[in-house]
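Visitor: Each chain, written out:
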Amino acid sequence: MLIEDNPADAFLVREAIERHNVGVELLGVRDGEAAIRFIEQADTGEMPCPALILLDLNLPTKTGGEVLARIRASKRCGKVPVVVVTSSDSLLDHACADALGADRYFHKPADYDEYMQLGAIVRKFLQGPEPRG
Amino acid sequence: MNVPPVAAENKPPGGITRGWPTAWAPARFTSTGLISRMRRTALRCALSFLWLAIPAMVTEFLLPDHSLLPVISGSYVLAVSAAAWSGGALAGILVSCATIPVLTLVASKGSQALPTHFDPVGLGVLFFISFLVASVAGNRKRVEKVLRAANEHLEGRVRERTAELQQANAALLEANENLRRANSDLQQFAFSASHDLQEPLRTVSIYSQILGRRYGPQLDTAGQMFLEYLTTAAKRMASLIQDLLTYTRTGEEGEPVCETAEAAQALACALESLSASIQENSAEVAHGDLPAVKMRGVHLQQVFQNLIGNAIKYRSTEPPRIYVSCQQQESKWVFSVRDNGIGIDPAYKERIFGIFKRLHTADQYSGTGIGLAICKRIVERYGGGIWVESETGAGATFFFAVPV
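Protein sequences appear in the order of chains A and B.
Counting in the working numbering, the first sequence runs from 88 upward without gaps.
Counting in the working numbering, the second sequence runs from 36 upward without gaps.
By construction, these hints were calculated from the structure, which means they are not laboratory data.
Given the structure is predicted, the values throughout are model-derived calculations rather than measurements.
Idealized CB from N, CA, C, for every residue including glycine.
Any given hint might turn out to be false.
Said to hold, decoys possible - FRET-style restraints, in silico, Cβ to Cβ:
# : chain 1 : residue 1 : chain 2 : residue 2 : range
1 : A       : Ala182    : B       : Thr352    : 46 to 54 angstroms
2 : B       : Asn218    : A       : Ala182    : 19 to 27 angstroms
3 : A       : Leu178    : B       : Leu208    : 31 to 39 angstroms
Stated by the list, open to error - Which chain A residues face chain B? A few, computed with CB under 7 angstroms, are given here:
# : residue
4 : Ala95
5 : Ser174
6 : Ala197
7 : Tyr199
Said to hold, decoys possible - Sample of chain B residues lacking proximity to chain A, with all beta carbon distances greater than 12 angstroms (derived):
#  : residue
8  : Glu187
9  : Leu200
10 : Gln300
11 : Tyr383
Required output: the full structure, derived from the provided sequences and hints.
Guide: In structure tokens, the structure reads:
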């Protein structure tokens with residue numbers, strides 16, 4: 088699941104995942120409240136738990152921090168790995184994400200190739216290391 | 036600017052306002068003051084007559100014995116002195132005037148003739164001595180009063196001055212607080228502005244890259260040139276924002292810590308960071324004896340790195356030769372970084388320390404023009420200063436001084 092409000096970034100994340108041949112269905116959510124609603128539905132069994140959550144911090148309605156806290160408090164999805172994907176390079180944001188239980192902190196780069204590395208990270212979480220060749 | 040009222044704090048305890056304007060002058064010169072003053076004096080004088088009981092008793096019991104006449108006279112002088120001491124000069128004089136009738140009355144009542152010694156001359160001498168004692172004793176009262184008034188006046192002035200100083204101090208503290216707040220707001224603004232600007236810029240930057248890669252071949256020469264301009268401008272803006280962030284962060288770490296940095300070690304770290312550039316330009320960097328200074332190591336390293344980086348960047352056709360040294364001048368360590376580069380026109384020796392101020396185009400020399408501004412900010416945080424001595428084409432020597 089990708090929780091990201093900026094379509095330009097959502098496109099890049101999708102592209103990074105496709106480039107690394109991670110055969111996965113990507114569900115996009117565009118604001119914090121919708122993400123929390125999804126987790127609540129997952130808790131009641133209406134929705135399946137995602138295998139991995141990519142979370143932007145700067146979101147409309149509810150912040151990424153609030154969403155992360157809700158995910159960790161979830162009965163069914165509390166242990167799902169969360170990769171924080173943000174443009175913030177603030178140490179404070181990084182520390183907050185760590186404290187709330189993020190598994191990885193990915194700083195959105197200004198370079199295309201560096202951005203595509205996110206695909207490798209997703210692959211590692213879902214399938215283990217990328218096969219060589 | 037609003038100055039908080041401080042007058043209330045300066046009143047003496049108990050709410051009594053003493054001092055020249057309210058207590059001293061009006062008591063003397065207003066009609067109510069004069070009446071109460073006269074009443075007090077009259078009461079004092081009346082009470083002073085009680086002292087005459089002493090010599091009257093002494094005369095009553097000792098008059099027959101002529102040999103004790105000095106004791107009798109002494110008791111009168113004593114009574115006059117006591118009256119003058121307690122009631123003031125006026126009371127003293129009145130009591131000394133009253134000694135003659137009292138003496139006569141007591142002597143006649145006791146049916147004893149006045150001794151021959153009590154002739155008019157003797158009485159005159161006694162009166163004179165009493166008068167003298169009364170004046171001196173009375174003067175003590177007056178002097179005391181003048182002293183008290185002067186003292187109160189002085190205390191009043193001290194209070195006034197203290198109040199004025201406290202007001203000035205409060206105004207200064209407020210101005211200082213306003214300045215600190217404005218500075219902090221400005222830093223906060225610069226930080227969040229540059230931080231929030233990064234996000235859309237990153238999108239511009241990354242999508243111009245994608246555009247170039249995927250659709251570049253389909254664009255004509257002009258289109259490719261426009262895309263190149265777009266990419267270059269986005270990169271430049273990214274580095275400007277990054278530098279602005281670095282600059283604002285340099286100042287936001289609060290008070291300088293009590294940390295000592297070995298300048299030689301900070302220089303070595305700076306050279307390590309610059310090693311690629313040093314090799315590429317075949318630069319030689321040497322240094323003299325360097326002390327330990329009261330600075331954070333990372334800050335000193337940053338200053339060295341920026342100054343040496345500039346010395347290499349603004350090189351002449353000769354390979355860069357850079358010499359770092361330090362001398363103690365009074366209570367400051369004065370560091371110098373001397374190079375053999377292109378030098379700086381002395382007309383610009385102030386301007387180069389301004390933020391984003393550059394003397395060359397981006398084509399000639401890369402960079403945003405923040406390096407020296409950061410150096411200046413760091414050095415000034417430690418209560419020091421930075422300056423340059425140079426001539427165009429004759430190399431430059433940058434100096435920075437920090438307190439010992």
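Visitor: If a hint holds in the structure, say so; if it does not, say that too.
Guide: Now the hints, each set against the structure:
Range check, Ala182(A) to Thr352(B): Cβ separation about 49 angstroms, and the 46 to 54 angstroms hint holds. At roughly 26 angstroms, the beta-carbon separation of Asn218(B) and Ala182(A) lies within the given 19 to 27 angstroms, and the hint holds. The hint said 31 to 39 angstroms for the Cβ distance between Leu178(A) and Leu208(B), and at roughly 33 angstroms that hint holds. The restraint placing Ala95(A) at the interface with chain B holds, with a minimum CB-CB distance near 5 angstroms, inside the 7 angstroms limit.
Given hint, Ser174(A) at the interface with chain B, holds; its Cβ is 5 angstroms from that chain's nearest Cβ, closer than 7 angstroms. Because the smallest distance between the Cβ of Ala197(A) and any Cβ of chain B comes to about 5 angstroms, under 7 angstroms, the interface hint for this residue holds. About 4 angstroms separates the beta-carbon of Tyr199(A) from the nearest beta-carbon of chain B, less than 7 angstroms, and the hint is met. Against the 12 angstroms criterion, Glu187(B) stays outside the reach of chain A, whose nearest CB is about 60 angstroms from its own CB.
For Leu200(B), the shortest C-beta to C-beta distance to chain A comes to about 43 angstroms, beyond the 12 angstroms cut-off, and the non-interface label holds. The Cβ of Gln300(B) lies farther than 12 angstroms from every Cβ of chain A, with a closest approach of about 25 angstroms, so its non-interface assignment holds. Tyr383(B), annotated as away from the interface, keeps every beta carbon of chain A farther than 12 angstroms; the closest lies near 32 angstroms.
Violated hints are absent here; each numbered hint is respected by the structure.
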